[in-house]
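**Student:** Single-letter residue listing:
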Amino acid sequence: MSLSFPFDLVWPTSGYVVLYLVTLLMHALFMSYVLGGALAVAFVRLHGVRENGPVTRTFIDWLPFALSAAITAGVAPLLFVQILYQREFYTANLLSFHRWMSILPVLIGAFYLLYLLKARPHARRLSAAVASAVALSILFVAWSWIENHMLSLNPSVWAKQYESGALAYRDPAVFLRLAFWVALALPTAFWLLVLQLRFGASGAKPEEALFATRRLAPVALGFLLVAAALAPFVLRGTWSLSSVDEALLDGADRPYLVLAAVGVVLTLGGWLRAQHLPRLSGLCVALGSLGLALTWWGVLCARELIRLARLDLDTLTRRHAELATSSGLFVFLVFAVLALAVTAWIFRRVSCALRQPVG
Amino acid sequence: MNDPASFPVNDFGPLMKGLVIGGLGIFHVFLAQFAIGGGMLMAYFQWLAMHGREPKARLVLDSYFRWLVLVSFVTGAITGVAMWFTSIQISPATIGVMVSEFHWVWATEWLFFWVEVLAGYAFYRYGKRLDDRTRLALLVTYSIAGWGSLFWINGILSWQLTPGEWVATHDLWAGFFNATFWPSLVYRTIACGVIAGLVMAVIVNTMGELEREDRRRLVHHSARFMLPVVVMPLVGAWFLGAFPEDSRAWVTGASVAMTLFLNLTIGASALIGGYVVLGLWKQRLFINGATATLLLALAFGATAGGEFVREGARKPYTIREVLYSNSIRSDDVARLRVEGCTSGDPYPLRDAAQYPSEQLVKGALTFRNQCAICHTMSGVNALEHLMGAWTLDQQRMNVAKLQWTKGFMPPFAGTPEELEALVQLVRWESAGRPAAWETSEDPAVLAQIRRWLEEAGTGPASAGGGR
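Those protein sequences? They're chains V and B, same order as listed.
For the first sequence, the numbering used here gives the first residue as 1, with consecutive numbering after it.
For the second sequence, the numbering used here gives the first residue as 360, with consecutive numbering after it.
It is worth saying that the hints were derived from the structure and are not from the lab.
Just so you know, even glycine gets a beta-carbon here, dropped at the ideal spot from N, CA and C.
Among the hints, erroneous ones may be present.
[Said to hold, decoys possible] Far from chain V, some chain B residues (derived; all Cβ distances over 10 Å):
1) V526
2) E698
3) Q713
[What the hints assert, rightly or not] Some chain V residues near chain B, calculated using beta-carbon distances under 7 Å:
4) L25
5) L95
6) A353
[As the list claims (entries may be wrong)] Each pair of labels, with its calculated beta carbon distance range:
7) A293(V) - D530(B): 23 to 29 Å
8) W345(V) - L593(B): 36 to 42 Å
9) A293(V) - D370(B): 42 to 48 Å
10) T798(B) - S164(V): 38 to 44 Å
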């Protein structure tokens, strides 16, 4: 069993894929928080729960930042996908046209609604409507991305899709895929929230945080198991108009699906411990977080291997080799180190300053 | 590089595609410059607060930063992504070359953007609970990161107009530090400061807790921050001087629209600069919210005019000497004159049934691949309006010698048959789309078109040569 992807690809394709996957993972974590958070707040508010408990309170407080971080982090994979799969990505964009472009005003609307939600958290009906609108907006964006991805992988339908003028790519597997990503986003969002609650970022009391953890655990575990069950079928496009050629894939995705499964087991362990511990132990945080990271890494690698199996790898690698003649990598790496250092410095400086009383 | 014909082309209806990307671009540039200048201005106000030079600085700073986050972080950030998406819709070939050549520069710009957003949010969320030194540190970090992202993106944008040595060597840094890089960077940096200062004049007028005297004083501080505006005419002249000769000619008389926009930009900038220096700074005038908003609107107009001129001056290219404005590579014109611009297009017409002949279908495909990026058939900048009144032979010759008909047009990149099909399409549209239309296939006409095409050559007008 080899887990060397994407490092086993030829350079520079391997470098571009690594950067794409790492930045996509960052984006996915923030986006999961937004999607899971918006769905959770909408669910709570639509069920008429009056209390402004730590779960809704923390989500409402942090969702605007999370969406901003998701968009900022999303710019990098958006750049690398243009380098890796320019023809496929651009064509899918063009074929979806207005439908694709509409994700931008929808995102702007969702952003301002989140600030409205934050400004008026106690207005029950308003917050129910706003949270639902935000959740629907994010679901629409997710659905659009899934369609874009699936359309980009099916060149045989491009000419017909264009001729028909249809703005939606009608593949029955799109909604199944959406269900998979939602099922994975919810436990991700909930785990990130638990870390916030248990480490005091939300100002919740320890007993409140423990209670919230116990309430969230069964929901998170349920969705995690649903995601695990769906993963192999959804990623391979089993019920899609165009599934991957198993001979070309040659089981390359299996080790990563196994890795994701190991991640799911670790995450389950993290949740099971978290709901019994008054204070989170290092082991528990490590189990849940490492499990989540492995799950996402496994899923993203499997998704990428399946995509590469559907494209002409020789043509792609030749094109990437051509692109790599462009200089600037060294400058990027230097500034990447600096950006990491500045990020750490900002966290440290702000947390130190917050511990001291303002004079 | 991808063949432009390998991408599907979308129809924007009566809207000219250039208006869509131009409008969005102006909006995004204005917001981005506000975000960059806003950070610098806030750092200055924090410094004023720390040195006891302005008692209300801290109060106004927190209010200003909330606006900065709500307007710039939200709409500014998403319109930045929108610029990418819209560029793909308008000209995938152009954005494809830009990303391919400058992907590491763009990736570096993203790192600055990341730091900018992180520092900005840290200040937004915790600013009121932080000590002065940490506040200043965050604002300075935010400002440097914001200006850094301008630095990187400015290199890519100015490269489109003046790629210089890069065309021959493909040396990225020769292309990045091109002839218009520095004047453009200095010009934009000053513009950032002015926009931020004018926004401050608006915001202090929305704050009920400030007295009239407080507002006057705060605006005076902003005016001092905007003082570099006095060198804007010099920087503008430097910028214009670095333009390629033909581009400079467009904006200084050869193209009435571009000359008009340049003059409007100069006029609006002079009015703003004069008011800032003489009124707000020297005479310490009070400025109310309405006047401040009017000045800000004038600054938006100046930005719009400046961006229009910068974009227009690139014609007939989107990337000078490499890619024409219709996404056709300058190197490909000769080949397409033989092979045709429609033969490699895998996408059928959506409305093929409405054309009464195969020739008109070919004309529609030719229009889609060569003209639709800047023109419509009967909407904005329509071919019907531009060439409908010409005689038949005039239409044929003017399109065959397109770069000589109008110097900012690219050469026609297709076969004589495609050119004749395009001409027939325009005539059919001008005639009200009749149900029947005779096919024009006279060999003598096609031979004449071929002669005109050969006389015109395959280079742009700026290259000189045959007519």
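**Student:** Taking the hints in turn, state whether each one holds.
**Tutor:** How the hints compare with the structure:
A cut-off of 10 Å between C-beta atoms confirms that V526(B) is not in contact with chain V; the least separation is 14 Å. Every CB of chain V is more than 10 Å from the CB of E698(B) (nearest about 20 Å), matching its label as outside the interface. Distance check for Q713(B) against chain V: the nearest CB is about 13 Å away, which clears 10 Å, and the non-interface claim stands. The closest approach between the C-beta of L25(V) and any C-beta of chain B is roughly 15 Å, which is over the 7 Å cut-off, so the hint fails.
Hint status for L95(V): holds, given a least beta-carbon distance of 6 Å to chain B, under 7 Å. This hint holds: A353(V) has a C-beta 4 Å from the nearest C-beta of chain B, less than the 7 Å allowed. Distance hint check for A293(V) and D530(B): the Cβ-Cβ separation is about 40 Å, which falls outside the suggested range of 23 to 29 Å. At about 38 Å, the beta-carbon gap between W345(V) and L593(B) stays in the expected band of 36 to 42 Å.
Our hint of 42 to 48 Å for A293(V) and D370(B) holds, since their Cβ atoms are close to 45 Å apart. Remark: the range hint 38 to 44 Å for T798(B) to S164(V) is contradicted by a beta-carbon distance near 28 Å.
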